[in-house]
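Whenever a hint applies, use it, and build me the whole structure from the sequences.
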Amino acid sequence: MLSTRIIPCLDVKNGRVVKGVNFVDLRDAGDPAEQASVYDQQGADEICFLDISASKEGRGALLDIVARTAERCFTPLTVGGGVRSPDDVRALLLAGADKAAINTAAILEPDLIDECARNFGAQCIVVAIDAKAVAPGRWEIFTHGGERPTGKDAIAFAEEAAARGAGDILLTSIDRDGTGAGYDIPLLREITAHVRVPVIASGGAGNLDHLTAAVRDGGASAVLAASIFHFGTYSLREARAALAAAGAVVRTP
Amino acid sequence: MTSVALIDYGAGNLRSAERALAHVGADVTVTSDPKSIARADRIVLPGQGAFAQCMGALTAKPGLIDALSETVLANARPFLGICVGMQLLASRGLEHEITAGLGWIPGVCRQLQIGPRDRLPHMGWNEVAPHDHPVLAHLKPAARMYFAHSFIVAPENAAHIAATTEHGERFAAALARDNILGVQFHPEKSQGAGLALLERFLNWNP
Chain B
0 MLSTRIIPCL DVKNGRVVKG VNFVDLRDAG DPAEQASVYD QQGADEICFL DISASKEGRG
60 ALLDIVARTA ERCFTPLTVG GGVRSPDDVR ALLLAGADKA AINTAAILEP DLIDECARNF
120 GAQCIVVAID AKAVAPGRWE IFTHGGERPT GKDAIAFAEE AAARGAGDIL LTSIDRDGTG
180 AGYDIPLLRE ITAHVRVPVI ASGGAGNLDH LTAAVRDGGA SAVLAASIFH FGTYSLREAR
240 AALAAAGAVV RTP
Chain H
0 MTSVALIDYG AGNLRSAERA LAHVGADVTV TSDPKSIARA DRIVLPGQGA FAQCMGALTA
60 KPGLIDALSE TVLANARPFL GICVGMQLLA SRGLEHEITA GLGWIPGVCR QLQIGPRDRL
120 PHMGWNEVAP HDHPVLAHLK PAARMYFAHS FIVAPENAAH IAATTEHGER FAAALARDNI
180 LGVQFHPEKS QGAGLALLER FLNWNP
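The listed protein sequences correspond, in order, to chains B and H. Numbering (numbering that gives the first Met the number 0) for the first sequence: 0 to 252. Numbering (numbering that gives the first Met the number 0) for the second sequence: 0 to 205.
Quick caveat, the hints were computed from the structure, so don't treat them as lab data. Idealized CB from N, CA, C, for every residue including glycine. Do not take every clue at face value.
Some but not every residue of chain H turned toward chain B, in silico, with C-beta under 10 Å [stated by the list, open to error]:
hint, residue
1, 32
2, 52
3, 107
4, 121
5, 128
6, 129
7, 141
8, 170
9, 202
10, 203
In structure tokens form, the structure reads like this:
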């Protein structure tokens, strides 16, 4: 049986690791390739880099760290942030990424999802959706670090993204991201009920119970977390044990 | 040092496969040149994406399929196909349109039949149950390898199945025939167990 994926995520800016609280107040914690290597050795099921560099220099630094990471990590690597075209996807894959996560560009120009899935295969296209609760049972997609409303309904767009060829949906709750208050379970439950592609829970993991809730109550196929692993609050081994205790299937590396 | 011709026809996982093979000691040449293929000790065919598109890209390289057939079928050089590189071994693929494959292992590449609770693509680490094959002999009964696909190969001859995995249905995680081996999962992305498989492939004398 397929195991639940545990995915440590590194937010990267100008080639360095950072993690924001609600997308501001960034803390610097080192070299992404170095950090990824630690997660690789701990048996991460996948590793994710999200690039938040705004500048061209920052993008160049990203491709360099992807290449350095792929040199020594034999773990699937997803890279997102600033992916706007098939050429961006190609550049990431050539540098050594296994999947590209497309966020703003996929929301604004959904045809990009079809084009990338056709060119590179659905299995390497992750569509990243950042959603915020706007009414009971209703979530809207926001772009630009959670600042810009799009008027798009998260559930409807998740269905559209899956139909267009997304291989995974990376679902981030803007309300919860960086708070440590737990994933938005009602949001997860709605999205996982409406699509048949795997959904990765993101935004809000603060303890191990949050991981198990995402899988058991939210129907997530994978849990993504940054701070709880990054600052050593919990190890991947502890996360696996907690998920296993809650009845989820996990991998023992 | 064992030389490996890693076939370059634009597949997405080319670099990952190159790095992993080099890591376990192969002298890797990334190539689509018939002469380099003929000289190599081992052939690895990567692949990612859709069957029709990959087969089209393979066919578009002049002399490539002939060189592969000669080296692998006539000269019995050990061959490893990875993911779509394994699927191309089938007689035909049904993804998007019906496309002829290499036909080295008779069978059809079709979509995985999933149950109501399963998701597609089949994405992540799943248990691989190996049959008796020297390259897979190191895998423990519940060893997990990394999969990322929606299509599988259903071979005509069950004897060509070298390992199975279950996701909705039980399917061929590996196919083998003589000097030919194909794996549906990604050994280059399966950490220690995957690297060990690649190392065993380098030392395999079918």
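Do the hints match the structure? See the list:
Checking residue 32/H against chain B by beta carbon gives a least distance of about 20 Å; that is not within 10 Å, so the hint is violated. Below 10 Å, beta-carbon pairs count as interface contacts, and residue 52/H has one with chain B at about 8 Å; its hint therefore holds. At about 19 Å, the closest approach between the beta carbon of residue 107/H and any beta carbon in chain B exceeds 10 Å, and the interface hint on this residue is violated. With a least beta-carbon distance of about 7 Å to chain B, the hint placing residue 121/H at the interface is held under the 10 Å criterion.
With a cut of 10 Å, the hint placing residue 128/H at the interface with chain B is violated, because the nearest CB-to-CB distance is about 12 Å. Because the closest C-beta pair between residue 129/H and chain B is about 17 Å apart, greater than 10 Å, the hint is violated. The interface hint given for residue 141/H is met, as the beta carbon of that residue sits about 9 Å from the closest beta carbon of chain B, less than 10 Å. Using the Cβ-Cβ criterion of 10 Å, the hint placing residue 170/H at the interface with chain B is not satisfied: the shortest such distance is roughly 13 Å.
With 10 Å as the threshold, the beta carbon of residue 202/H stays out of range of chain B, its nearest partner Cβ sitting at about 19 Å, so the hint is violated. The interface hint given for residue 203/H is violated, since its Cβ lies 20 Å from the closest Cβ of chain B, which is over the 10 Å cut-off.
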